[in-house]
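We have chain A already, so just place chain B on it with the hints.
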Amino acid sequence: MIFLLIFISAALVNNFVLSRFLGICPFLGVSKKLDSAVGMGIAVIFVMVLAVSVTWPLQHYILNPLGLAYLQTITFILIIASLVQLVEMILKKNVPALYHSLGIYLPLITTNCAILGIAIDAILKKYSLAASLVYALGAGIGFTLALVIMAGIRERLETADTPAPFKGTPINLILASLLSIAFMGFSALVTV
Amino acid sequence: MKKKGPFFELAKGIVKENPVLVLVLGMCPTLAVTTSAKNGIAMGIAATAVLIGSNSVISLIRKFVPDEVRIPIFIVVIASFVTVIQLVMNAYFYELFKVLGLFIPLIVVNCIILGRAEAFASKNNVFLSILDGIGMGIGFTLTLFFLGAFREILGSGTVLGFNILGESYSKNPMLIMILPPGGFLMLGLMMAFVKVFTEKRK
Numbered sequence: 017m018i019f020l021l022i023f024i025s026a027a028l029v030n031n032f033v034l035s036r037f038l039g040i041c042p043f044l045g046v047s048k049k050l051d052s053a054v055g056m057g058i059a060v061i062f063v064m065v066l067a068v069s070v071t072w073p074l075q076h077y078i079l080n081p082l083g084l085a086y087l088q089t090i091t092f093i094l095i096i097a098s099l100v101q102l103v104e105m106i107l108k109k110n111v112p113a114l115y116h117s118l119g120i121y122l123p124l125i126t127t128n129c130a131i132l133g134i135a136i137d138a139i140l141k142k143y144s145l146a147a148s149l150v151y152a153l154g155a156g157i158g159f160t161l162a163l164v165i166m167a168g169i170r171e172r173l174e175t176a177d178t179p180a181p182f183k184g185t186p187i188n189l190i191l192a193s194l195l196s197i198a199f200m201g202f203s204a205l206v207t208v
Numbered sequence: 014m015k016k017k018g019p020f021f022e023l024a025k026g027i028v029k030e031n032p033v034l035v036l037v038l039g040m041c042p043t044l045a046v047t048t049s050a051k052n053g054i055a056m057g058i059a060a061t062a063v064l065i066g067s068n069s070v071i072s073l074i075r076k077f078v079p080d081e082v083r084i085p086i087f088i089v090v091i092a093s094f095v096t097v098i099q100l101v102m103n104a105y106f107y108e109l110f111k112v113l114g115l116f117i118p119l120i121v122v123n124c125i126i127l128g129r130a131e132a133f134a135s136k137n138n139v140f141l142s143i144l145d146g147i148g149m150g151i152g153f154t155l156t157l158f159f160l161g162a163f164r165e166i167l168g169s170g171t172v173l174g175f176n177i178l179g180e181s182y183s184k185n186p187m188l189i190m191i192l193p194p195g196g197f198l199m200l201g202l203m204m205a206f207v208k209v210f211t212e213k214r215k
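So the sequences go chain by chain: A and B. Those letters in the first sequence? Residues 17 to 208, per my numbering, in order. Those letters in the second sequence? Residues 14 to 215, per my numbering, in order.
Next comes chain A alone, as it looks inside the complex:
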């Protein structure tokens, strides 16, 4: 039951993008087309779960017993960077079409704060390993959900008549604001 609550809380109530502001760069960058948004979302879910499954044991079995907790930031970012490289290589070999459509944004997952954010946040929240993995899965799905909704709306916005100063990023931010208001409807659904 607690796992379900953590999942819903991470995916909807405390949506990573729309209420915690993590992963805004890919949210604005890759939400132009629905296909690449879905691809990016899946890549992020995968890397998030993978990253937490490595960083959690690292923190609890290596850094903490050795009193090296202050090395958290450095070690976590290195692990995430190598994981991203791995995902990139796998995609390049097996799904070249997706690899090309994600373009420069795949290496940018490294600097996606959602990934480092979830790795550190799972430690800060003192979740167990299983709970952390559920948390990562929920957060990744929440990220994908926000990204796909955003991409769907932006595809329609392309043809709309936007006032000149608002063209590009400003209108997207206002769109994100409205989406965020919509997601506020989920608040108090669960509290974890």
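Honestly, I wouldn't trust all of these hints.
Straight-line Cα separation of at most 27 Å, DSS-like style, residue types lysine-lysine; simulated pairs [to be verified]:
#1 A:K48 / B:K208
#2 A:K49 / A:K109
#3 B:K184 / B:K29
#4 A:K183 / B:K136
#5 B:K51 / A:K183
#6 B:K136 / B:K25
#7 A:K183 / B:K29
#8 B:K76 / A:K183
#9 A:K48 / A:K108
#10 A:K49 / B:K208
#11 B:K51 / A:K141
#12 A:K141 / B:K111
#13 B:K29 / B:K51
#14 A:K142 / B:K111
#15 A:K48 / A:K109
#16 A:K183 / A:K48
#17 A:K142 / A:K49
Under 8 Å between C-beta atoms, here's a sample of chain B residues computed to sit facing chain A [what the hints assert, rightly or not]:
#18 L44
#19 A45
#20 V95
#21 P118
#22 F140
#23 I147
#24 F163
#25 L200
#26 K208
Reference listing, derived: stretches of chain A covered by chain B, where coverage requires no fewer than 3 residues with Cβ under 8 Å from a Cβ of chain B [said to hold, decoys possible]:
#27 35-45
#28 192-199
Since the hints were derived computationally from the structure, they do not count as laboratory data. Quick reminder that beta carbons are idealized off the backbone N, C-alpha and C, glycines included.
What follows is chain B alone, placed relative to chain A:
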């Protein structure tokens, strides 16, 4: 690229190539911490310190770093500076450290810092790189301050804790502005405003 003087490198980050409003980098901390002007300044200064440090070190080691592995090396340099800032803030500014929380370690993945390392510090000498870091840092801090101040005025009627709009407003403010949607909305409006302003000057 045309060579420009040291003053240009310092000044460009403030308006012309403002990292947030023009280059659209570093959005996550920008939106997350600007619920008040004070948090905005604190985040800006922390990021500026990291940026100056990483820019100068990366510029110093740029000739020894093999091209293929430069990104991991840059990230390690940046992460080291972030750890320093994290420890300093934990020791001397504990209140701010608690408020900014998760977003201090996340300075590592602030696109501005890696972006400047890659685009500027890895190609220029130490002096210009430090100036670039200071300029970009000031641009970032100012943007965060204004965004935080606007949100704070509308969301709670105060700036840096001083009451601006009077008691009656503080009792019944536009709370939405300090909630997440307000961050997106205010930044969108600010960007549109800057666009109007810069396009008129052209």
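**Report entry** Violated hints, by number in ascending order, as checked against the structure
**Finding:** 3, 4, 5, 8, 17, 22, 23, 24
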